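Chemist: Order-wise, the sequence lines are chains B and U. Taking UniProt numbering, the leading residue of the first sequence gets 1, the next gets one more, and so forth. Taking UniProt numbering, the leading residue of the second sequence gets 1, the next gets one more, and so forth.
Hints were generated in silico from the structure; no laboratory data involved. Careful, some of the hints might be misleading.
Ranges between beta-carbon positions, derived for each pair [unchecked claim]:
1) B:V102 to U:S61: 55 to 61 Å
2) B:L142 to U:T113: 41 to 47 Å
3) U:M74 to B:D166: 38 to 44 Å
4) U:G68 to B:M1: 52 to 58 Å
5) B:A174 to U:A81: 56 to 62 Å
6) U:E132 to B:L106: 50 to 56 Å
7) U:P98 to B:A81: 42 to 48 Å
8) B:Q94 to U:K11: 38 to 44 Å
All of these numbers come straight from a predicted model, not from anything done at the bench. Just so you know, even glycine gets a beta-carbon here, dropped at the ideal spot from N, CA and C.
What follows is each chain in one-letter form.
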Amino acid sequence: MSIGHTLLGLLESGPRHGYDLKRAFDEKFGHDRPLHYGQVYSTMSRLLKNGLVEVDGVEAGGGPERKRYAITEAGITDVEAWLKQPEKPEPYLQSTLYTKVVLALLTGRSAGDLLDTQRAEHLRLMRILTDRKRRGDLSDQLICDHALFHLEADLRWLELTAARLDQLATEVRA
Amino acid sequence: MTPAGSLLLAKDLRKSYGSTPALDGAEFSIHPGEVVAVMGPSGSGKSTLLHCLAGIVTPDSGSILYNGRELSSMKDAERSALRRSEFGFVFQFGQLVPELTCTENVALPLRLTGVRRKEAERTALSWMERLEVEDLGNKRPGEVSGGQGQRVAVARSLVTSPRVVFADEPTGALDSLNGERVMQLLTEAARSTNAAVVLVTHEARVAAYSDREVVVRDGKSRDMMLEHSV
């Protein structure tokens, strides 16, 4: 995820301090991976240097100075361009699981057991996500659904591969 | 948990239809309040396993203990009584009686066990509230959506407060959102009454509502719970 674009997007609704930006980011997008303060301030200084944000005011308190950032017209254009740009679909062509299955077949180990173990592991994570979804709000549900659909796709591949193990064994051993 | 505490415990089940083996040494166990997903590809024997466990189909050999009693040693009438009062059923297509209203459909299992109409419909309505379909009471199955019909079917499966609910692809005919809601309501209701749920599904996202899974392949199933307890 582009942290710079996300922080810029959050600034579009109005100027904020770095701390508020971090809090807004964590609340909306950082469920499992909250931002470090260092990341926020290094990103903001880069955006400042590139003219995408400006300092809207400085508060001098007991501690360090608190800068309030505002998005510039160039920043708004940048967010707009980012949102319009489609994300590159993940090609999923480098599968560790496929490699493991082939190696198991080549070395005379049970590829079926390997797939069974993997299925159990996928389902374990799917149960955790389903439970989180059940207890969470709509954004939690959408974030978990995204992961659940991907895990489900993996599992379909596991089933299909399990059904073709004999055929695959013949091919890889030829 | 041990097999000794199992509500249903099946070992070495075999069942053939003609020369085609449907089950070839299947095992299964479930405890009260547990939701177990039975997974596997089409034609692997999932539904046959469910039908055997529910006493609908008699296996050629093997053992099924329900609450410590061998199903095969029971008389037909006894097995039927068990299915009416202690087992609940949900199928892929609700299989509601089209001539009856939704409330009458939900009340039907109670009526079949001799409960009076008023009392049966009062209990039915409380289950329909839990499944969020209380407004459909006077409608007939043909007048409600697929998702609503399936919730009515779930309410019907729970109305006798069964000890085991058998659900065969309960969301198979529903879209993702309706399917998830049905699963959520079914598993919550079952857990709150300590009913066990045998959930046959080929969908991983549905199986994720279970506590654990048993995989059937070529008529064979492995129940990790049994293996670990040996």
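Chemist: Going through the numbered hints above, which ones does this structure break? Give me the numbers in ascending order.
Modeler: Structure breaks hints 1, 7.
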